[in-house]
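Undergrad: Protein sequence lines correspond, in order, to chains A and B.
Quick note on numbering: UniProt numbering labels position 148 of the first sequence as 148, and the sequence is numbered without any gaps.
Quick note on numbering: UniProt numbering labels position 30 of the second sequence as 30, and the sequence is numbered without any gaps.
Source of the hints: derived by calculation from the structure; they are not laboratory data.
Among these hints, one or two may not hold up.
[As the list claims (entries may be wrong)] In the SDA-like style, the derived pairs of lysine to any residue whose C-alpha atoms are separated by at most 20 angstroms in a straight line are:
hint, chain 1, residue 1, chain 2, residue 2
1, B, Lys104, A, Val122
2, B, Lys201, B, Asp217
3, A, Lys47, A, Ala112
4, B, Lys201, B, Lys226
5, B, Lys104, A, Trp206
6, B, Lys132, A, Tyr221
7, A, Lys161, A, Ala112
8, B, Lys74, A, Arg123
9, B, Lys74, A, Gln121
All values reported here derive from a predicted model rather than from experimental measurement.
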Amino acid sequence: MQIWNWSGFFDYLTNPFILGGAFTTLWLTAVAIIGGLVLGFVLALMKMAPSRLLSAPAAGYIWLFRGTPLLVQLIVIYTGLPQLGIKLSVVESALIGLTLNEAAYLAEIVRAGITAVPQGQVRAARALGMREAQIMRYIVMPQALRIIIPPLGNSVNGLLKTTSVTSVISMEELLRRTQVLIQERFMVLELFAVAAIYYLVMTTLWDIVQRRIERRFGRAYQQLGSATEQR
Amino acid sequence: MITIDSVSKWYGDFQVLKNCTTTVEKGAVVVVCGPSGSGKSTLIKCVNGLEDFQEGTITVAGTSVGAPDTDLPKLRSRVGMVFQNFELFPHLSIMDNLTIAQEKVLGRSRSEAAEKARQLLARVDLSAQAQKYPLQLSGGQQQRVAIARALAMDPVAMLFDEPTSALDPEMVSEVLDVMTSLAREGMTMMCVTHEMGFARKVADRVIFIDKGEIVDDRPTEDFFGKERSGRAEQFLSKLLGH
Numbered sequence: 001m002q003i004w005n006w007s008g009f010f011d012y013l014t015n016p017f018i019l020g021g022a023f024t025t026l027w028l029t030a031v032a033i034i035g036g037l038v039l040g041f042v043l044a045l046m047k048m049a050p051s052r053l054l055s056a057p058a059a060g061y062i063w064l065f066r067g068t069p070l071l072v073q074l075i076v077i078y079t080g081l082p083q084l085g086i087k088l089s090v091v092e093s094a095l096i097g098l099t100l101n102e103a104a105y106l107a108e109i110v111r112a113g114i115t116a117v118p119q120g121q122v123r124a125a126r127a128l129g130m131r132e133a134q135i136m137r138y139i140v141m142p143q144a145l146r147i148i149i150p151p152l153g154n155s156v157n158g159l160l161k162t163t164s165v166t167s168v169i170s171m172e173e174l175l176r177r178t179q180v181l182i183q184e185r186f187m188v189l190e191l192f193a194v195a196a197i198y199y200l201v202m203t204t205l206w207d208i209v210q211r212r213i214e215r216r217f218g219r220a221y222q223q224l225g226s227a228t229e230q231r
Numbered sequence: 001m002i003t004i005d006s007v008s009k010w011y012g013d014f015q016v017l018k019n020c021t022t023t024v025e026k027g028a029v030v031v032v033c034g035p036s037g038s039g040k041s042t043l044i045k046c047v048n049g050l051e052d053f054q055e056g057t058i059t060v061a062g063t064s065v066g067a068p069d070t071d072l073p074k075l076r077s078r079v080g081m082v083f084q085n086f087e088l089f090p091h092l093s094i095m096d097n098l099t100i101a102q103e104k105v106l107g108r109s110r111s112e113a114a115e116k117a118r119q120l121l122a123r124v125d126l127s128a129q130a131q132k133y134p135l136q137l138s139g140g141q142q143q144r145v146a147i148a149r150a151l152a153m154d155p156v157a158m159l160f161d162e163p164t165s166a167l168d169p170e171m172v173s174e175v176l177d178v179m180t181s182l183a184r185e186g187m188t189m190m191c192v193t194h195e196m197g198f199a200r201k202v203a204d205r206v207i208f209i210d211k212g213e214i215v216d217d218r219p220t221e222d223f224f225g226k227e228r229s230g231r232a233e234q235f236l237s238k239l240l241g242h
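Please work from the sequences and hints to get the whole structure.
TA: Structure (structure tokens):
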């Protein structure tokens with residue numbers, strides 16, 4: 001047995017089976033982030049509502065999903081729910097588990113972003129005759145988004161790696177497929193190295209995308225030298 | 001145009017406004033002054049319903065502000081307001097700051113709103129800044145944009161809540177100049193301000209509030225003559241004392 005099989009390593013680096021797994025990791029992340037953001041936004045609004053009828057369920061949800069391991073949530077969804085007659089496929093379970101879990105974290109990020117927009121902005125928008133939904137959409141959310149983007153980017157980065165947890169319910173993402181190959185070929189280090197490289201490529205690419213988005217949203221906040229020289 | 005009748009307001013046990021009564025006639029300019037914490041900003045915010053009040057009535061252009069069936073957003077769209085801290089929308093260009101409410105509230109077309117915005121930016125001498133963002137402008141420029149933004153809605157009256165208090169001294173006059181020309185054109189204005197020079201020159205009436213009470217409400221010449229109250233006298237001497 002060799003110590004390190006270079007040709008095996010390079011073979012797997014371009015292996016379509018592993019590449020497919022990485023692709024699954026990508027779309028799992030994308031769907032969970034978008035779904036989590038939508039649900040998280042609703043949870044954030046509920047949690048900020050003056051009525052306890054709205055805020056209490058949201059707080060309870062966040063408490064539950066942030067307070068228990070994703071691993072447990074996935075296993076409950078995939079193997080526990082059938083006991084109640086709810087049978088979900090692996091893909092459905094993985095997507096639902098990741099989304100529900102992510103929503104709990106994103107709700108807090110969204111809430112922090114919305115809270116950070118000064119009340120004076122809302123007052124000014126009201127004074128112009130805008131209605132509450134318009135104020136949220138045109139005034140508060142665009143400003144909150146700028147505040148939300150750095151922690152949101154962090155969540156995307158985290159989620160790219162967290163999707164690997166779904167391998168325990170046999171979701172065929174990058175880690176699972178790597179493990180499948182390992183069981184066939186026993187090239188443990190080579191294959192894990194390939195998986196690690198894929199994860200690094202994905203997180204690095206995301207870093208670049210995130211920096212672009214941040215710059216775009218920061219445009220309005222760049223001061224052009226000293227303000228009095230602007231005439 | 002604006003009628004304030006026996007308005008009282010409490011924050012819990014603390015009474016911020018005590019039975020305030022006054023009127024602002026169409027085309028009149030009224031300056032509201034008083035020590036900090038006297039309730040003058042609260043009073044002006046009651047006029048367009050940004051603050052609620054527990055007793056009394058306020059009527060703006062025939063609409064009761066406090067009535068439960070009043071469409072407050074609609075009422076507010078007809079009353080311009082300028083804030084101490086400008087409150088321009090930092091994520092929108094100057095142009096978009098002036099057009100967003102025209103489009104979303106009044107339903108004007110993009111081109112109609114932009115045309116109106118251009119006229120008003122020219123009026124406050126800021127045409128060159130249309131594509132910039134608020135934080136790239138000086139305080140005085142931002143406040144002039146804020147006035148233009150309010151005027152873009154074709155308001156029937158304008159409320160000013162300490163419009164020059166957050167400005168560096170050298171920028172105060174550029175804002176007061178705009179306000180003065182508005183007043184000369186017959187705009188109905190209610191201004192909370194400490195600028196006594198502006199009050200003397202432009203206001204038709206001066207209201208002095210202390211501890212939530214309207215203590216003086218008289219024609220400008222009387223207020224700056226000898227007819228003001230002892231409390232207003234004290235306040236003015238502190239303001240002008242050095």
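Undergrad: Within a Cα-Cα threshold of 20 angstroms, do B:Lys201 and B:Asp217 meet the stated pairing?
TA: With a Cα-Cα distance of about 17 angstroms, the restraint between B:Lys201 and B:Asp217 holds, given a limit of 20 angstroms.
Undergrad: For B:Lys132 and A:Tyr221, compute the direct alpha-carbon distance and say whether it is at most 20 angstroms.
TA: Holds, at roughly 10 angstroms.
Undergrad: Can the restraint linking A:Lys47 and A:Ala112 be considered satisfied, given a maximum Cα separation of 20 angstroms?
TA: holds, 11 angstroms
Undergrad: Below or equal to 20 angstroms on CA atoms is what counts here, so check A:Lys161 against A:Ala112.
TA: Violated. A:Lys161 to A:Ala112 sits at ~24 angstroms, over the 20 angstroms cutoff.
Undergrad: Does the alpha-carbon distance linking B:Lys104 and A:Trp206 stay inside the 20 angstroms limit?
TA: Between B:Lys104 and A:Trp206 the Cα gap is close to 35 angstroms, so the pair fails against 20 angstroms, i.e. violated.
Undergrad: Within 20 angstroms, alpha carbon to alpha carbon, are B:Lys201 and B:Lys226?
TA: holds, 17 angstroms
Undergrad: Can you confirm whether the C-alpha distance between B:Lys74 and A:Arg123 stays at or below 20 angstroms?
TA: holds, 15 angstroms
Undergrad: Verify the proposed pairing of B:Lys74 with A:Gln121, using a straight-line Cα cut of 20 angstroms.
TA: holds, 18 angstroms
Undergrad: Straight-line Cα separation of B:Lys104 and A:Val122 no greater than 20 angstroms?
TA: Roughly 15 angstroms between the alpha carbons, so the hint for B:Lys104 and A:Val122 holds.
Checked against the numbered hints above, the structure violates hints 5 and 7; every other hint is satisfied.
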